[in-house]
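Asker: Those protein sequence lines, which keep their order, are chains A and B. Number 115 marks the last residue of the first sequence (the numbering used here); no jumps. Number 114 marks the last residue of the second sequence (the numbering used here); no jumps.
To be clear, the hints were calculated from the coordinates, so they are not data collected in a lab. There could be a bad hint or two in this list.
To be verified - If you anchor each label on the Cβ, the simulated ranges turn out as follows:
hint	chain 1	residue 1	chain 2	residue 2	range
1	B	Gln45	A	Leu39	33 to 41 angstroms
2	A	Thr5	B	Ser84	19 to 27 angstroms
3	B	Gly28	A	Arg96	17 to 25 angstroms
4	A	Thr30	B	Ile60	37 to 45 angstroms
5	B	Leu56	A	Leu115	46 to 54 angstroms
6	A	Arg63	B	Ile11	36 to 44 angstroms
7	B	Pro7	A	Ala38	16 to 24 angstroms
In this text, a Cβ means the ideal position worked out from N, Cα and C, and glycines have one as well.
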Amino acid sequence: EAGVTQSPTHLIKTRGQQATLRCSPISGHTSVYWYQQALGLGLQFLLWYDEGEERNRGNFPPRFSGRQFPNYSSELNVNALELEDSALYLCASSFRTAGADQPQHFGDGTRLSIL
Amino acid sequence: AQSVTQPDIHITVSEGASLELRCNYSYGATPYLFWYVQSPGQGLQLLLKYFSGDTLVQGIKGFEAEFKRSQSSFNLRKPSVHWSDAAEYFCAVAQTGTASKLTFGTGTRLQVTL
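Kindly generate the complete structure, drawing on both the sequences and the hints.
Answerer: In structure tokens:
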């Protein structure tokens, strides 16, 4: 079974640019989650998508946005990049959870570096 | 709001020694609890999870964890550490009823000496 796949592995941008990160969930999973792992800040929840809808959002500004496609893959877009956006962005997927025993499975992440 | 505390930032153990990584959580009800491991340059791998029932849960790679409600703890243990266990370990909590929005601890970096 293929795991969660993320692309690209590394992404280098400059301040003010826009970045697009992609995630393909495990087959059969309908929920996709995004987390930011920044140096010194730990793992922070960003966004949760399920069935094409944004279900929950962490404490991040609106320039962090995303979407989920009909095939359940997802994009994370970060506009007007700032130096502090440099981080490892992790995507996770799970079956739709409603009290079920369905943990999140993570990809290897996209390392975003802002110059 | 839920929160997770991992009081040990860095732990060093000798290969073959036992290991215990501490995790304390703050949540109003019985939470869903998880331990993940992250090797350098990689994502998170789920070691084990607790949802309900038996408070001692077994995971992969010989790890186990015990849920203690009275102490709000979910400590990770391994009786004999291998050099390949060197990594960063994260405890996480999620709201009961949904495993969305995991809240992670700050992580414990495990170093194994030969």
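Asker: Each of the hints needs a verdict: does it hold here or not?
Answerer: Quick rundown of the hints versus the structure:
Checking the proposed 33 to 41 angstroms range against Gln45 of chain B and Leu39 of chain A shows it is violated: the Cβ atoms sit about 21 angstroms from each other. Distance hint check: the CB atoms of Thr5 of chain A and Ser84 of chain B are about 24 angstroms apart, consistent with the given range 19 to 27 angstroms. In this structure the supplied range 17 to 25 angstroms holds for Gly28 of chain B paired with Arg96 of chain A, their Cβ-Cβ distance being about 24 angstroms. Here the CB-CB span from Thr30 of chain A to Ile60 of chain B is close to 25 angstroms, at odds with the stated 37 to 45 angstroms.
Take Leu56 of chain B and Leu115 of chain A: their Cβ atoms lie about 49 angstroms apart, and the range 46 to 54 angstroms holds. For the pair Arg63 of chain A and Ile11 of chain B, the supplied restraint of 36 to 44 angstroms holds, since their beta-carbon distance comes to about 38 angstroms. A hinted range of 16 to 24 angstroms holds for the C-beta pair Pro7 of chain B and Ala38 of chain A, which are about 21 angstroms apart.
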